[in-house]
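Visitor: Sequences and hints are given; from them, build the entire structure.
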Amino acid sequence: MKRIVSLTILASTVLAFASPVLAQTVFVSTQLRPIEEATVVRQDLLKDAGKVDYVVEEPPQFAVRMEAEAQAGKHTVSLVGALHGELSPLADRGQLEPLDELAKKLAAGGMPQSVLDLGKLGKPTQQYIPWMQATYVMAAKKEALQYLPKGADINALTYDQLIEWGKNMQAATGQPQIGFPAGPKGLMARYFQGYFYPSFTGGVVRTFKNADAAAGWEKLKALWAYVTPNSTNYDFMQEPLASGEVMVAWDHVARLKNAISAAPDDYVVFPAPAGPKGRGYMPVLAGLAIPKGAPDTAGATKVIETLTTQKTQLLTASKVGFFPTLNVQLPPDLDKGVALLAGAVTKTQGSKDAVISLLPVGLGDKGGEFNKVYMDAFQRIVLQNEPIADVLVKQGATMAKLMTDTKAPCWAPDAKSDGACPVQ
Amino acid sequence: MTQNRPWIPYLLILPSVAFLALLFVVPLVQTIWLALSDNGAPSLANAERMVTDINFTRSVRNTFLLTIVVVPVQIAIALAMGTMVSKVGRGRETILWIWTIPLGISDLAAGLVWLSILQNTGYFNSLLFSLGVIGRQASWLSYQTPIALFIAIAVAEIWRGTAIVMVIIVAGLNQVPKEFKEAAEIFGAGPWTRFWRITLPLIRPALQSALILRTVLAFEVFAVVYALGGRNFPVLVGEAYNWQNQNQNYSVAAVYAVLIMIISLAATLIYLKALKVDPERLP
Amino acid sequence: MSRETMSTIKASPASFASSRRWLLWSGIAALCAWVLVPIYLVALGALGGRQGVYIWPKTGLPTGISLEPFILFLKTEGVVQSFLNSFGAAGITVALSILLGAPAGYALARYDFRGKDSYRLLVLLTRAFPLAILALPLTVSFIRLGLYDTIIGVGLIHTVLALPFAALVTQGIFLGVPKELEEAAWVFGCTRVQAFFKVVAPLALPGIVATAVFAFVISWNEVFAASVLTVRNRTLTAYLLTVLSESPMHYRFAGGLVLILPSVVFIFAVRRYLFAIWGISSK
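Chains as they are written, first to last, in the working numbering: chain H, 16 to 439; chain U, 38 to 320; chain Z, 2 to 284.
Among these hints, one or two may not hold up.
If you want the ones that stay clear, here's a sample from chain U, every Cβ over 12 Å from chain Z, calculated [what the hints assert, rightly or not]: (1) F56; (2) N76; (3) A78; (4) R173; (5) I188; (6) F256; (7) A303.
With a straight-line Cα cutoff of 27 Å, these simulated DSS-like cross-link-like pairs (lysine-lysine) come out [unchecked claim]: (8) U:K310 to Z:K117; (9) H:K66 to Z:K76; (10) Z:K180 to U:K215.
Not the full set, but computed from the structure, chain H residues with beta-carbon under 8 Å of chain U [said to hold, decoys possible]: (11) T140; (12) P199; (13) N248; (14) S258; (15) S276; (16) D280; (17) D391.
To be clear, the hints were calculated from the coordinates, so they are not data collected in a lab. For glycine and all other residues, C-beta sits at the position ideal for the given N, C-alpha and C.
Guide: Structure, rendered in structure tokens:
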């Protein structure tokens, strides 16, 4: 018995030390985390980038790790891939290496300057290199189209038509058929910031509690009558769509892709609805950045260069559904599901009433609390049925404090401000 | 036996104390400071932030409700298991093995297990459907069905957490001398009388250990709740986790952690006073 | 100690016979099913593949299953390495918590000394505080010490969890070894150290093995600290946490099954000692 125990301990200790530590470029990413996508990154996208250890990390752990590495002054991570909003706190704390030379090269190689400038995060130097982009769209099962209200154009829906549609579907099937990703890991906060508020109020922060906003929340409550209550458990809409729990859903393209690519003939993909102030939409940008003190800057630079070649960018689009930051045409033989999604994105950008909403800038590490303001308002108004005016006043005060604390100036579609963005 | 060399016990506990001091007490103090300071000065701003949050009251209420419902049921099931297994001869070891399996199952896995059963297209709905109880998929885990959600979470917690109580109670029952029971039988006591008058008082120490341990653990319930209810059912540790990870405000997370610690310690003290537990038996 | 205390209390007299017997066994069967059926269902989910998740209504019968999705899961990059890492971290946890905890347990069991209650309080604190919250301060110091992203670092943190447990349970085990035996050994000329290794250790060994397996399970199942403290050298649970939450359902169930199976084996390995350790520690 004793021998078995000591042998086990010995064996496991040996195992622990025996794992080989190779000199590799450590690339930590908050994007492309699911097993299948991470495998694509390792086997296809990074094939020509030298020895790279691709490590995926959830955003919270990513933030803790970057903060801890910076505090301790010792680094293992050479390259980070994350969303604009996740990189912005790092840039605010001066933890990212300036990448101006790379940016120049890429500008010459076909990356639009407007996209590259987003990677400056409002600073004088290039903080990150734009890597991939995406946005949010709506998807519906084709069988849902029969319930579409008369005269409605699916590519130019209004909120009233969506509500009507939801009502028809519920009447026909006996169940609410619209779904939103309002679960703990869902991207519902982005719906409010990039779709709901711009569409109803033409702003995000300034207009947080005005009369337009109150009217918008009334509309959302009306819509919510036809939204499945399971929405607060959904993180990714591809699963409820594929399992038939819902027929119509709004989500991030990468979070719809699996369902649509698996059965592209069963779905239509279309822009989110428009409100009185237009059709809000929010482009999502993921970037690549090198932390200050990175052990292998050269290797990291090489990875960035590989990932931003035309070939890799197109491969990324067809394999994982994130679109290029380079100005390139998607090939016609693209994965059918991805082509559907890309079509909806083009339609959104091209629609006459489009209102672009940028990702928040200047919030530093308060991005999470910014999201919470919207989600709390949603929870109280829609789920708990509290009076809209009261909630907006209270949440508006929280928002105002957040803005004065971070001194973040307004961003589109809000009108520019001197100093912190005011809540009017 | 020890008076001649009083330093021996200190020598024996020293390594573990040093270890815990370095890896537990130091970060604990750092966390408490984080909770009770703001920009380097002592402040209750974080605590205020916590108390005024919309989920605070609900998470306190939910945590306590869950504890009050789950712990007694676990004790009852464990007592039933203990009593039953004491009547079994052959097969006893196998039965006990099966009943203790959940002991080794992590929160993460337990959450997945119950999600597979209770989700809309899950086995529970399938069963109800085939029995004709429901005509279509019903949702049990949504904010519109708070009672069903509460029951679902309680059931999953009972599934996962009963094993440890059972182990402690069965161990306690093992130590009840056979002679007591036999004597009681001879004097004509019925099974219920025997159980209430003899068995229960004799395993009181084990019951107390189980009660304290389970209560402290119940206040820390999180992963299962998160897997099944997400944001629909806020609990204290879940809120701490959200503040740390989603909102990236470590100070408010630290206040939650300190609050949980205070509640756990208070509960333990109450048990100690109310049940007059010998401190030797603290879990 | 194990055999005797585990030996069964013989069934009730024959006169109570069949109906009670039947009731007893159906109760036992129901409780076994209560534990096993959820595990069976998650296994179905794991082996049912992508399509299996969407079948409605589900029959609960093993149709359309294959090992393929499960094997695909095991072949995914990182799974095997993290499986080995988990073993490494758990091995270190076991070694450290026994090496540091057993002497403390012995001191608590055999000596009365000032500060004994303070030591218990320290142990209780580790239970009452949600450890995940300590991750940030710990990560910073770990990076400074060069323990960050190492299996040793994870082992150290898991020892914080397992050590208090080991100290308390070994206390119980040593209490169960009669003091008289040890004193007799001294009389016969053994030194304290000799007496310990010749008399006490062999008697306490089964209990210590069970403690070791518990420490192993604690480490095996811990998620949050492990995922924050590692980048490349992930343990299995930490690895699963990052990949699972956003993977398709059948992957998640496969991951859940991978987590459950080892614990089933561990519990099986120590089923005999499980009750012995708690029995003595709640005496």
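Visitor: Starting from K310 of chain U, check that the Cα of K117 of chain Z is at most 27 Å away, please.
Guide: Holds. K310 of chain U to K117 of chain Z sits at ~19 Å (cutoff 27 Å).
Visitor: Say whether it holds or is violated: N76 of chain U keeps its Cβ farther than 12 Å from all Cβ of chain Z.
Guide: 17 Å, holds
Visitor: F56 of chain U: least C-beta distance to chain Z exceeds 12 Å?
Guide: 6 Å, violated
Visitor: Using Cβ atoms and 12 Å as the threshold, tell me whether A78 of chain U really stays out of contact range of chain Z.
Guide: 19 Å, holds
Visitor: Can we trust that F256 of chain U is non-interface, i.e. its beta-carbon lies farther than 12 Å from all of chain Z?
Guide: 8 Å, violated
Visitor: Does the closest beta carbon of chain U sit nearer than 8 Å to the beta carbon of S276 of chain H?
Guide: 21 Å, violated
Visitor: Classify the label on I188 of chain U as holds or violated, using whether its beta-carbon is more than 12 Å from each beta-carbon of chain Z.
Guide: 15 Å, holds
Visitor: Keeping to a limit of 27 Å between CA atoms, is the pair of K66 of chain H and K76 of chain Z held or broken?
Guide: This hinted pair holds, its Cα atoms lying about 21 Å apart.
Visitor: Taking the closest Cβ pair, is S258 of chain H under 8 Å from chain U?
Guide: Status holds, d = 5 Å.
Visitor: Grab the minimum C-beta distance from T140 of chain H to chain U and call the hint holds if it beats 8 Å, violated otherwise.
Guide: Violated, because the Cβ-Cβ distance from T140 of chain H to chain U comes to roughly 24 Å (cut-off 8 Å).
Visitor: Was A303 of chain U rightly flagged as not at the interface, with every chain Z Cβ beyond 12 Å?
Guide: 10 Å, violated
Visitor: Next pair to validate is K180 of chain Z with K215 of chain U; report whether the Cα-Cα distance is within 27 Å.
Guide: 25 Å, holds
Comparing the model with each earlier hint shows violations of hints 1, 4, 6, 7, 11, 15 and 16; every other hint is respected.
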